[in-house]
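Could you put together the complete structure from these sequences and hints?
Protein chains: 2
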Amino acid sequence: MSAEITTFESTPIAATAEQMDAVTFNEDGLVPAIVQEEHTGRVLMMAWMNADSLRETMATGRTWFWSRSRKEYWCKGETSGDRQYIREAYYDCDGDTLLFVVEQEGNGACHTGEYSCFYRSFGPQKDVGVGVGSV
Amino acid sequence: MSAEITTFESTPIAATAEQMDAVTFNEDGLVPAIVQEEHTGRVLMMAWMNADSLRETMATGRTWFWSRSRKEYWCKGETSGDRQYIREAYYDCDGDTLLFVVEQEGNGACHTGEYSCFYRSFGPQKDVGVGVGSV
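So the sequences go chain by chain: Y and D.
Start counting the first sequence at 28; every next residue gets the next number (my numbering).
Start counting the second sequence at 28; every next residue gets the next number (my numbering).
Simulated from the structure, these hints should not be mistaken for laboratory data.
Identical chains share a label here; the pair holds if one copy fits it or two copies do between them.
Listed below are the simulated DMTMM-like cross-link pairs for lysine to aspartate or glutamate, each with C-alpha atoms no more than 20 angstroms apart in a straight line:
(1) K98 to D121
(2) K98 to D79
(3) K98 to E83
(4) K98 to E54
Quick caveat: nothing in here was measured; it's all calculated off a predicted structure.
Laid out in structure tokens, this is it:
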């Protein structure tokens, strides 16, 4: 099966200048972006965007982040094939946190192979790795 | 009706030392904490915890944050009555982001009066303010 084949379509987000201006970046020029799965509501991951990766995210309808450790842009799933297709995008009351609702392709969002990055719970271990989305 | 009356119960989270040690704080001693509503899956807010507020959160089963602007601890809902009772708590693959699944009391999580802080969407305005949780 070719890696080119996908069942999802990218849909650019037509963010207005006013909406984009409402986003506040921190002293490093970054804003945290929460990624939540459509339909299940499961929180998949959190990563950071700068102004350029946010614009690229809106233009492509895919999630683009800024890696603070590698100091480079990365598009989620570009290497792994586990891409994220944005269906809704929100900014919070202070404009300093973003929320993207996505269709998650492939094996999930976490580089460990887990579907969500939040696969470890505090407290007595239940059969988790699932969060709210499993309900 | 007395402000003392509540229909929710606090449940402390019995986090182990190993779990707490897995949490990585940034150079300011803070870690971002996403708050998601139980049952609806709705993402309500994101705020910051330091080591002390994280311990207090686990001990009380309520969300305690560190205000970067006011430089003080705050317990969500202590003033407004819109308290959050933690039902599940997760840390991510890198240990540098937390996720709390809560029962949200009262009028919601946002100081603006909106139920979720993520009440504004990018792109053409729909009848939103709802996120995934409204489905």
